[in-house]
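Enquirer: Residue strings, one per chain:
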Amino acid sequence: AQSVTQLDSQVPVFEEAPVELRCNYSSSVSVYLFWYVQYPNQGLQLLLKYLSGSTLVKGINGFEAEFNKSQTSFHLRKPSVHISDTAEYFCAVSRASGSRLTFGEGTQLTVNP
Amino acid sequence: EPEVTQTPSHQVTQMGQEVILRCVPISNHLYFYWYRQILGQKVEFLVSFYNNEISEKSEIFDDQFSVERPDGSNFTLKIRSTKLEDSAMYFCASSVLSFDEQYFGPGTRLTVT
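Protein chains in written order, with our numbering: chain A, 890 to 1002; chain B, 787 to 899.
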């Protein structure tokens, strides 16, 4: 079975500051990794995914994440955040041979002016 | 852009009643999923569905739950006799391939009183 830990439940930052949202996973088999964003009263939207290849993955809205197999991490970064980035961010993992997504607890990113 | 839709957006029901939550996945997708998110908790996988049968289910998905694809477009989740602890946001998702990006609907908030 796999599990996901998001180390920060809340991250407050100022506009235009850089941000990193941390995610660690545990799995005995190969996995695929995803970051989803949930804006208030909306569903989950995919930010980026890692299936294979380059460990640095670029996604929408200027976000990127780096897969680190030795540290079993998949941290999400953005060099300069906007007020509109305020949302809940979820890290998720699936087995390479399966389909169910296992989610972390979520990180609430709040961008202040 | 195609999207997953869900109805209703909010359903209130009394304990012991049956509810059916409806979803219209993206038309060319082959894999369908239900997840739920109890308030303040992480998103949890319930079931995946492919080729008109359940491909995977979690321990949450007991005999009280069932899924169906009654026609070529709808995908439903039925809870036979609702309990207070079934109160949650229920998300439907679909994907083209089993391991690829899952597109989520906006969710149905189920409140059991």
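Think of the hints as simulated: they come from the structure by calculation, not from any bench.
It is possible that some hints are incorrect.
Derived pair list, reagent style BS3-like, types lysine-lysine, alpha-carbon separation capped at 27 Å [claimed, not checked]:
no.: 1; chain 1: A; residue 1: Lys958; chain 2: B; residue 2: Lys828
no.: 2; chain 1: A; residue 1: Lys958; chain 2: A; residue 2: Lys938
no.: 3; chain 1: B; residue 1: Lys843; chain 2: B; residue 2: Lys864
no.: 4; chain 1: A; residue 1: Lys938; chain 2: B; residue 2: Lys828
no.: 5; chain 1: A; residue 1: Lys947; chain 2: B; residue 2: Lys864
Enquirer: All hints, please: hold or fail.
Expert: Status of the hints after comparison with the structure:
1. For the proposed pair lysine 958 (chain A) and lysine 828 (chain B), the alpha carbon gap of about 24 Å is at most 27 Å, so the pair holds.
2. Proposed proximity of lysine 958 (chain A) and lysine 938 (chain A) is supported: the alpha carbons are some 15 Å apart, at most 27 Å.
3. The suggested pairing of lysine 843 (chain B) with lysine 864 (chain B) holds, with an alpha-carbon distance near 14 Å, which does not exceed 27 Å.
4. Straight-line distance between C-alpha atoms of lysine 938 (chain A) and lysine 828 (chain B) comes to about 19 Å, which keeps the hinted pair within the 27 Å bound.
5. Among the hinted pairs, lysine 947 (chain A) with lysine 864 (chain B) is inconsistent with the structure: their alpha-carbon atoms are about 38 Å apart, more than 27 Å.
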